[in-house]
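Colleague: Dock chain one against chain two, each of which comes alone in its own frame, and use the hints as you go.
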Amino acid sequence: MKRWTMNQSVPILEAKNLEVNRGGTVILDVPSLSIQKGEILALIGPNGAGKTTLLQILSYLSKPFQGEILFRGERIDSNVSIFEYRRRLAMVFQEPLLFNTTVFGNVASGLKIRGMKRCEIRDRVMEELNRFGISHLSDRSAKTLSGGEAQRTSLARAFALRPEILFLDEPFGSLDPPTRDSLMEDLEHILHRTQTTAIFATHDRMEALRLSGRIAVMNAGKILQIGSPSEVMNRPVDELVASFVGVETILNGKVIKRNGGSFIASVEGREIEAVGDAHLGNTVVLCIRPENVTLSIQPSKEGSSARNVVSGRIVKITPLGFYQKVQLDCGFDLVAYITNHSLEELSLMEGKEVRASFKATAVTVIRKEEN
Amino acid sequence: MDLILEGMKKAFYLLITFDPEVMGITLLSLQVSGTATVISLLFGITIGMTVALSRFRGKRIVVSLINTGMGLPPVVVGLFVTIFLWRNGPLGFFGILYTPMAMIIAQTVIAAPIVMGITLAAIQQLPEKLRLQILALGATRLQMIWILIKEAKLPLLAAVMAGFGGVISEVGASIMVGGNIKGYSRVLTTATVMETSRGNFDIAIALGIILLLLAYFVNLVLTQIQQRERPR
Numbered sequence: 001m002k003r004w005t006m007n008q009s010v011p012i013l014e015a016k017n018l019e020v021n022r023g024g025t026v027i028l029d030v031p032s033l034s035i036q037k038g039e040i041l042a043l044i045g046p047n048g049a050g051k052t053t054l055l056q057i058l059s060y061l062s063k064p065f066q067g068e069i070l071f072r073g074e075r076i077d078s079n080v081s082i083f084e085y086r087r088r089l090a091m092v093f094q095e096p097l098l099f100n101t102t103v104f105g106n107v108a109s110g111l112k113i114r115g116m117k118r119c120e121i122r123d124r125v126m127e128e129l130n131r132f133g134i135s136h137l138s139d140r141s142a143k144t145l146s147g148g149e150a151q152r153t154s155l156a157r158a159f160a161l162r163p164e165i166l167f168l169d170e171p172f173g174s175l176d177p178p179t180r181d182s183l184m185e186d187l188e189h190i191l192h193r194t195q196t197t198a199i200f201a202t203h204d205r206m207e208a209l210r211l212s213g214r215i216a217v218m219n220a221g222k223i224l225q226i227g228s229p230s231e232v233m234n235r236p237v238d239e240l241v242a243s244f245v246g247v248e249t250i251l252n253g254k255v256i257k258r259n260g261g262s263f264i265a266s267v268e269g270r271e272i273e274a275v276g277d278a279h280l281g282n283t284v285v286l287c288i289r290p291e292n293v294t295l296s297i298q299p300s301k302e303g304s305s306a307r308n309v310v311s312g313r314i315v316k317i318t319p320l321g322f323y324q325k326v327q328l329d330c331g332f333d334l335v336a337y338i339t340n341h342s343l344e345e346l347s348l349m350e351g352k353e354v355r356a357s358f359k360a361t362a363v364t365v366i367r368k369e370e371n
Numbered sequence: 001m002d003l004i005l006e007g008m009k010k011a012f013y014l015l016i017t018f019d020p021e022v023m024g025i026t027l028l029s030l031q032v033s034g035t036a037t038v039i040s041l042l043f044g045i046t047i048g049m050t051v052a053l054s055r056f057r058g059k060r061i062v063v064s065l066i067n068t069g070m071g072l073p074p075v076v077v078g079l080f081v082t083i084f085l086w087r088n089g090p091l092g093f094f095g096i097l098y099t100p101m102a103m104i105i106a107q108t109v110i111a112a113p114i115v116m117g118i119t120l121a122a123i124q125q126l127p128e129k130l131r132l133q134i135l136a137l138g139a140t141r142l143q144m145i146w147i148l149i150k151e152a153k154l155p156l157l158a159a160v161m162a163g164f165g166g167v168i169s170e171v172g173a174s175i176m177v178g179g180n181i182k183g184y185s186r187v188l189t190t191a192t193v194m195e196t197s198r199g200n201f202d203i204a205i206a207l208g209i210i211l212l213l214l215a216y217f218v219n220l221v222l223t224q225i226q227q228r229e230r231p232r
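So the sequence lines, in the order shown, correspond to chains C and B. Numbered by my numbering, the letters in the first sequence go through residues 1 to 371 in order. Numbered by my numbering, the letters in the second sequence go through residues 1 to 232 in order.
Source of the hints: derived by calculation from the structure; they are not laboratory data. Given the structure is predicted, the values throughout are model-derived calculations rather than measurements. Accuracy of the hints is not assured; some may be wrong.
Unchecked claim - Derived pair list, reagent style DSS-like, types lysine-lysine, alpha-carbon separation capped at 27 Å:
(1) 129(B) / 150(B)
(2) 316(C) / 359(C)
(3) 150(B) / 222(C)
(4) 129(B) / 63(C)
(5) 143(C) / 150(B)
(6) 182(B) / 10(B)
(7) 117(C) / 150(B)
Stated by the list, open to error - Pair by pair, the computed Cβ-Cβ distance ranges are:
(8) 123(C) / 34(B): 54 to 64 Å
(9) 118(C) / 57(B): 41 to 51 Å
(10) 58(B) / 240(C): 36 to 46 Å
(11) 176(C) / 149(B): 55 to 65 Å
Yeah, the Cβ is synthetic: ideal placement off N, Cα and C, and Gly gets one too.
Chain B extracted, bound-state conformation (with noise of 0.2 Å):
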């Protein structure tokens, strides 16, 4: 018990304090996600929003692999991203591999498929022949994408917060691309799985709070805005 009420007591001091460590692992940990999430949805929503309005072949495997990516195990992720950018991968010339930037390709890749997975489901969900309507009032096809977006708004955001949820408490892929290198590719979960294999319980907690709390922050305003835009 004693461990983990001097665990709590001094993680509020490094929270109140706003210990520069911390700081810093918290900043990196939004840069990295909040980047992978914001390409993440220019990617999943494009390639969403094509999938949905056109008709193909083989469309349905397509959407069922584009499903089964959404719960793409991290650490596969890592794995491959790893090979990928190793000095003699096909993109080792890049020389990223343990960079932020390397964690920002691997949360993308983690964070699109769900982003495309939940745009694809939101405009399907739209009736057909809403479509037709809007190329009736003379919409442009940039015009109708436009509108399809704005009618699908709310689903979309919830394509924002399980993208953004699922890369922020991420670690694995994270740990193999990143490497965890202090100062520089440290983020929570990383740290924290480290701080705790150390029995540095501490800042674990600390850092656990710290994760708890932005995911509730993310989602409180995601949540504002979508009760807001819900028709009274």
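Same shape as in the complex, but just chain C (with noise of 0.2 Å):
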């Protein structure tokens, strides 16, 4: 997840003190950014946020604005041409922005601009049309196809270009969930496989959460915070982010053990159960909800439903009216909402042990590819 970290040297994209203005207000501001290769960045925030505009503006397909822009450690426009910049990265659009031509016709098109050699666009098309699963669909019209069929048509478009960078702008934004799901499946795994870099905008954390190795939170044209998935939603910097990112505790794991319909994941050293098919060794995202994590002073009671029991010290407490989020530190991050009244009763404050305790059910399980 973190293969971001392993190589530190030129980033593959750099950008500083970037500013747009339009029409006299600032839609981006974003001082320095840099995304290293096989990194896979997401853009979340609210609609307006600037996602877009900052995507553009990395790709060069929008102008103008200040600041510079570096591929590789070089200047583009002055070490690189834009255009010759254009023809190393791809992009994916909300829409599919097909070609009025066939499926095989718009996955060439990227090539025959490149001006390739006919046979070696054909290879290189059925590879892009199989991997997306649409071969039986080559011949088709594109204006033809369903919404999830004619993103992956897109998307095989985009692949087939063999992009240093690829920049993808809500790719599932306009599909149903069950074929959002499936073709994400997808996506990841060919992300994954061809160790693709990409930045894409999404404003789903979900989504976020499965695909990327790292989060921006953008509003307002500025990026809020930026950070490893579980960085971002566990510790975000203020309200504005907290409200956008959610509630859940997010955590690493990997999974260590199955038992039929559940598994248990090493986080951080802890055991923690859940609920879901995962194989072993795979590396897992888990969201559990402040709401069904309970707290308690003495040993759990035998006969517990509640298949895990973490010991943990109370880090901050934040009233929220009738409410009160407890911030604690079991090793990972946990939060927890218990009554008022709770909290007198057991008289918790900061600093003090304590013992939560969660359902294998409460566990949300997002799965990741294998590195």
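Modeller: Take a look at the structure:
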């Protein structure tokens, strides 16, 4: 998951002091951003946060702007021409934006533009059609495709170019949930297998969690926070980020044991049981809603149905009106919501040792590709 | 009634025997209007495309001017082309007034805004992001324009039809700048006007039928292409 830390040499893409003014208002203000080779970065934020603008600036499809963009350490537009740079990237939009020709013709279009030989195009296109499971649609007119098929075609067209950086602007935004899930699963697999560097915009944090190694939360043209998914989700820098990334505790784990219908994942050395199916060695992201976490002082009673009991120390208590938000350090971050009444009864305070318990069914599992 | 029947009979006779005068007039009509359509396609598509793809102050005014141009009255065009080509006019030294060349110029002025307007509409109706997508696929600006033309193929075919249909049936400008000189600048429409005014209905009807058939065949061919290109 932290592939991006492997190669900390020259970032594949680096932006400095980006600023975009449209009609007198600053719609993008990003002092610095760097993306390492093979990294998958998610830009997450509400509509109008500047995600699309940032993608279009980084891909040099939108001008003008202030600041500079370096591709593999070379300044674009002075050392590398914009045109040359564009030929080393690919972009997929929310709308499939297919051409009025066959699926094959669409996937081949970028290669034709590059003047590739016919036979080479054929092999490359067939490979991508197979990869995205649409080879049976090869001769179909693009206009007759369903939403999912069209987006697969659009993705295949992008991957056929073997881009060094792939930009995705809400690639699943207009798909219905089942279609979206199956496409996301395939894309995740393909991104990992091809080790493609990707930057994608989304407003769905589950998408971001599942696909990315790093998340940047954006609002009003600024990056509010950037970091690993668990960093951003568990320790949002401010309320705005918190309100956007949601309340769940996010844990990264590795599946170490399976027993029919549930599995045990190791999280920072602790064992967490969750319901679901996962393979041994799989990397998983676990989400736990704070209202599902129970706190107690005594060792938990025998016969409780909560499969997970961990001990931890209270780091912070924040009153939220009718209830209290309790942040725990259990070797990993964990948040619990408890009533004001419980707080008094258990006389909880910062620094106190408690036991937190939650059911295996209260853990939502997001499966991740193995690396 | 007799008049019409006799006229029809004579007309078919002229058509079946490939009367040299009627054929000459038809050929000239096709040459003049065909050339004017091709030239107006070059101008119309280039300018329509440029306006559609660029952003500038006063674009709306330009667009509405082009749209107005789509309905230019041929007599007005005829008037101004005549003035320009008049012996003491600004372009009088060319000495081309009352020649087929002058007719081509006038018809181009009529057809170009039609092609321009339809091109503009056709390109603007494509999704805005399509341009970004094409650039992101690594296209040069020329490649992008070519792909956009291919994407707007159907409406552009309509532009060809509308342009040709507009000039082949136009009479005012042709008669003013061509002069309807027998065997030289006489085309289907101007000949029809003249023969009708002389009471030679047989020839007028024959010319009228040819004009209708021409318009029909051109549209038939274009419609065939259009239908074939339509996604199944």
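Colleague: Take a look at whether the Cβ-Cβ distance between residue 176(C) and residue 149(B) falls inside 55 to 65 Å.
Modeller: violated, 34 Å
Colleague: Taken at face value, is the distance from the CA of residue 222(C) to the CA of residue 150(B) at most 27 Å?
Modeller: violated, 39 Å
Colleague: Using the Cβ atoms, figure out if residue 123(C) sits within 54 to 64 Å of residue 34(B).
Modeller: violated, 44 Å
Colleague: Does 41 to 51 Å hold as the CB distance between residue 118(C) and residue 57(B), or does it fail?
Modeller: Hint holds: Cβ distance 45 Å, inside 41 to 51 Å.
Colleague: That 36 to 46 Å hint for residue 58(B) and residue 240(C) (C-beta), does it hold up?
Modeller: Holds, since residue 58(B) and residue 240(C) (Cβ atoms, about 41 Å apart) stay within the stated range.
Colleague: Keeping to a limit of 27 Å between CA atoms, is the pair of residue 182(B) and residue 10(B) held or broken?
Modeller: holds, 20 Å
Colleague: Is the Cα-Cα distance between residue 316(C) and residue 359(C) 27 Å or less?
Modeller: Answer holds: residue 316(C) to residue 359(C) is near 23 Å, not above 27 Å.
Colleague: With a cut-off of 27 Å on the C-alpha distance, tell me whether residue 129(B) and residue 150(B) pass.
Modeller: With a Cα-Cα distance of about 16 Å, the restraint between residue 129(B) and residue 150(B) holds, given a limit of 27 Å.
Colleague: Can you confirm whether the C-alpha distance between residue 129(B) and residue 63(C) stays at or below 27 Å?
Modeller: holds, 14 Å
Colleague: Quickly compare the C-alpha distance for residue 143(C) and residue 150(B) to 27 Å and report which way the hint goes.
Modeller: holds, 15 Å
Colleague: Is residue 117(C) within 27 Å of residue 150(B), Cα to Cα?
Modeller: With Cα atoms ~21 Å apart, residue 117(C) and residue 150(B) stay inside 27 Å; holds.
This entry does not satisfy hints 3, 8, 11, going by the numbered hints stated previously.
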